[in-house]
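Novice: In case you want the letters, here they are:
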Amino acid sequence: MQLIRSDINIDFIGKSKTALIISALMILISLGALATKGLNFGIDFTGGTLVEVKFDQAPTIADVRDSISPKGYGNAVIQEFGSPEEILIRVQNKNTEDSSTISNAILDGLGEKFGADAIEMRRVEFVGPQVGEELTRAGIMAVLVAMLAILVYVTFRFEFRFALGADAALLHDITIVMGLFALTGKEFSLPVIAALLTVIGYSLNDTIVVFDRIRENFAINKKRKKPEQEHVVVNGSINQTLARTLMTSLTTLLVVFALFFLGGEVIHDFAFALIAGIVVGTYSSIYVASPVMLSLAGRFKADEDEIKAMEARP
Amino acid sequence: MHSFPRWKIWMILSVLLVSMMASLPNVTSVPSWWPSSLSNPMSLGLDLKGGIHLVLDVDVDKAVSHSVEEDIDTARQALRKEKIRYRKLSAEGLSLNITIKNSSDLAAAQTILNETFTTYSISDAVDNTFTLTLKESVADETRQFAVDQAIEVIRGRIDALGTTEPVIIKQGSHRILVQIPGYEDSAHAKQLIGRTAQLEFKLVDEKGDLDKALTGILPPGDIIMYGPEETRKDGTTYRQPYLLKKRTELSGNEISDARVSIDSRYNEYAVTLKFNSKGSRKFDKLTSAHVGERFAIILEGEVNSAPVIRERIAGGSAQITGSFSPAEAHDLAIILRAGALPAPVKVVEERSIGPSLGQDSIDQGMNSIIVGCVMVLIFMAVYYRMFGVVANIALIFNMLLILAVMSIIGGTLTLPGIAGIVLTIGMAVDANVLIFERIREELLLGKTPLAAIDGGYNKAFSTIVDANITTLIAAIVLFQFGSGPVKGFAITLSVGILASMFTAITVTRAIVAISTERSGRIEKLSI
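Chains as they are written, first to last, in my numbering: chain A, 1 to 314; chain B, 1001 to 1527.
No incorrect hints appear here.
Straight-line distance between alpha carbons at most 25 Å, and here's what the computed SDA-like set of lysine to any residue pairs gives:
1) A/K223 <-> B/A1451
2) A/K71 <-> B/E1229
3) B/K1285 <-> B/Q1198
4) B/K1459 <-> A/L250
5) B/K1459 <-> A/R5
Simulated from the structure, these hints should not be mistaken for laboratory data.
Chain A with its partners taken away, still in its complex shape (with noise of 0.2 Å):
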């Protein structure tokens, strides 16, 4: 069976102002939804506590906060988590008092008013002010190293202009991510910075096999007698590895789309950032990351000698 068909020759190249158009709406708007409406941190960036109860019969929201407003914690944010006797709580932390013991009084105001062998805890999370802001920078100390070491394999394998063209391409990816996190309000928490990272390296594995086809290729042109311009090299080098691209990435979505209907609540927003992660990396590896790189063609005009170690690499 074969969806693409080998002789296919589309001219993303010749599209890629299109391209960038639609990248910087989506850049721009990304961008403005991050500015204006912001993320919605979870507790592991804010500090905080999260209560997710299951209750026997499923309850108003209503009387849920009628139950904890006697503790104090009448503002709780409360939400359906699943189902409706799924009940997930979430507080702030207070200052003035040892926050450890908030998930306590919740608790505690459930069962009297539902009474306690109708709720369950099924789980407590509680992340102390400075935790928040270690893991916070933690975070983001991650995706820049993540960024930063892919820059330099990308240019010790390949160019330095092609580092910058992955690189492009991974920050496109995780900025659109990100803003649609904005967009939606999901919960931004540390699972989907994992699934950020590992959208970087997806993006990336999609971006180097099509740079691979077309170092390949641009050492092919080399010794032809008539060689063919770059970006001639390039739009056929990723017509080349667009059926690669394609079945890989549907593979992947399969897997991931089993993630995000069958893996539970709790694993929801991660496999969500992983769709919307895959599907804008399989499009920057094509669109972003070798316009990029050939754009900056010329501007760190690599010597004969580095042409000749770059040829002789694997």
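Please arrange chain B on chain A, whose structure you already have, making use of the hints.
Specialist: This is chain B only, laid out in the frame that chain A set:
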């Protein structure tokens, strides 16, 4: 291509055998002759089996300042022994301030302080005052010791809960990670762990004027402490004040045992303490010297009771009373037996999972793995036919290898870890997709089937390595900066990527090689 090296086939078969052996403990119990390194199942993270996960912060600076405060006593004794009169002794953070009364004693004081306080750096006297500052290396030692001691104390308390395999380990320089699998009552656990259980015995200053002291005129060497909050008949609350000698005569360190008992007078639950030999001697001396006076039992900064010493008590025990419920008395006995925390601890992070959520996560995770896997298997078989089936064999081998490696390295499977495995399923076939697409291209160029296979594998190889290394970089960074469950994701993703490079390249190639060898000349590939 025709002579696929035999050793490679043997290597693949050995890896297969070892993987199966290492995976078996996850499914069933293994016989005793099974190699011990292959006998351990993969452990489940707390988010899957349920339990309490706490990160505690030890207030190590309190431990240091506390030890400096205790040295006031040492200074007092040293100066008294040399008959040097002092005006003021005080502690502040890392330093002790000692003010000598007569300038003529300064030289002698300097000598004795130098002798006594080798762990401090001592300044020259300014206005008759010496400032002793605890050396930073000593302070550091005290901090480390406080954390180590806190771990021991907390271990003692948690062991008393009777759960299996609790984890209590140091995290960073002053944090402690506590995991209690299979335990649900997070409030109880936090209360049991968080109490300092500082127990002190101080004498009541019977001669001092409590009323005057309450107005602020405190006799030197005295301190006011309060009893627990009580409610009067009219509904207002009050706390009984006590005027006590500052000096701590006995502390919880000198206890050898604590048991729940029944207080015979009021028929209430109480906790009976037994002193160790040093404590007994001190208690003996204290009671014989102060018959008729009261001594106060202070628990966590609150006066529990102040009984009158009626006679000398040898081989002593003491009783702590209060309107305890049986559970409260039980907890108090546990924490007193385990000893006091050297410094206050605070819960800075908690991630506790109820047992039902853990089980749900396992079920949902397994469902995702199975459904994701089946979809990919079908897709590959339909799209690449025979070669797809070969890739599928490699994929199943890959799953087995992940399970085996996770078991051998003692990895912990978490919910994000399951997600990592699911993701690996999708990405593991990538290498095969690359190879197969390349083979198709080679065929189009008019190569013979065998040459196309060779070309496909050779040309795809460097691409596969490059593509996987970049994903591996992201996974390693994630492992470095991630915490807890996220680390689990990084581990399974890394293991999955490495395993997939082996299965997708070496294993599929071996299968293809063997099957083409057998059938001799091949006209057409099923790809």
